[in-house]
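Use these hints to put chain B with the ligand onto chain A, whose structure you have.
Those sequence lines, one after another, are chains A and B.
According to the UniProt record's numbering, numbering within the first sequence proceeds without interruption in unit steps and concludes at 154.
According to the UniProt record's numbering, numbering within the second sequence proceeds without interruption in unit steps and concludes at 204.
Treat the hints as calculated values from the structure; they're not laboratory data.
The hints are all genuine.
Straight line, CA to CA, 35 Å or less: simulated DSBU-like cross-link-like pairs of lysine-lysine:
#1 B:K172 <-> A:K136
#2 B:K151 <-> A:K41
#3 B:K171 <-> A:K137
#4 A:K137 <-> B:K184
#5 B:K172 <-> A:K113
#6 B:K199 <-> B:K162
#7 A:K137 <-> B:K199
#8 B:K184 <-> A:K113
#9 B:K162 <-> A:K113
#10 A:K113 <-> B:K190
#11 A:K113 <-> B:K181
#12 B:K190 <-> A:K137
#13 B:K109 <-> A:K113
#14 B:K190 <-> A:K136
#15 A:K41 <-> B:K109
#16 B:K172 <-> B:K151
#17 A:K113 <-> B:K171
#18 B:K190 <-> B:K162
#19 A:K41 <-> A:K137
#20 A:K41 <-> B:K171
#21 A:K136 <-> B:K184
#22 A:K113 <-> B:K151
#23 A:K127 <-> B:K172
#24 A:K41 <-> B:K172
#25 B:K172 <-> A:K137
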Amino acid sequence: MKRIKKISLVLLVLLIAIQFLHPARNESLQQLPTDIATNYKVPDSVFRILKTACYDCHSNNTRYPWYSNIQPMAWMMANHISNGKEELNFSEFGGYSIRRQTSKFKSIADQVKDDAMPLWSYELMHKDANLSDDEKKLIMNWAQILEDSLSANN
Amino acid sequence: MKKYFAITLAIAVVALAACNSSNNNSTASQTDANKDTTAAVHQTQDTMPAGMNMNNTTTVSVKDVIAAYLQMKNAFTNDNTNDAATAGKNLQAAFINLDTKTLSADQQKTINDITDDAKEHAEHIGANGGNIAHQREHFDLLSKDMADLVKTLGTGGQTLYKDFCPMYNNKKGAYWLSETKEIKNPYLGKAMPACGVMKEEIKQ
Ligand SMILES: [Cu+2]
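Chain A extracted, bound-state conformation:
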């Protein structure tokens, strides 16, 4: 019994200790010249969806929920965001090669069509990221048109 007490005390101290650690937050105030919106036409209807359903993990600006201040949640989120940005970062989209931009437009359309994105685990926490069929179509058409025009011109 004494032992369990000690172990839980250690864990409690650890849990408190890690609360003082804060991973760098994914928040950038300035809009980069590489931002998708400065390089491509993004209609308001599309932009609204990108912002609510994609930008938290695929841009340099995350809207952090309250629990992001609690460890180990903060680490999990930081990890998630860094993976997401590695795959696709709308803030740095214009810095990609034209070839990679073309690929990314196709992948955006494919991932939305296949219901692979947004992740279901993300939709669980963000109800507004659960896209309707019309919203999906909007994103798919937008991405596909840009993919087609890029591959036609290059």
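Then chain B with the ligand, alone, in the frame of chain A:
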């Protein structure tokens, strides 16, 4: 009690140190990313798949790249998602180790542009064994990259065929490269193996 307190403190300090170092890493990479957006684009692509050692690998030629691609293509014609994944990992490694030293600066730029994109597709195909539909989405883009790669580097002596499947992807169609004259469709697999036409014979 004093002793236990000391132990607890020690553990906490160690944990703190460990967490801090990982913390610093992420901060560093983040500032790097902000500093140089092109670097951020490329940095993620340079990780080696497990089992490959950069120092031990001999230089990779276009022939090896084509071999890994054809291995993947043939896995898709057989609807074999796991073999395609294995080939994806091989191909990713081949792209990373592809020797471009003898090329002109211009050609190097072209090839880097292609392999930057292509190794990402190879990586996704390697990581998505079990999801052949998604693997094929990447194979479509990868095949475009391969056709461009061969345009610059040649085929390493073998004859390749550029084939077209008009039905795949909602009749948008998709290309692939093959080593055989006979059509064996990697997009539709065993469901429609003969669907497709040869568009170009690539000799070099
Ligand atoms: Cu993928």
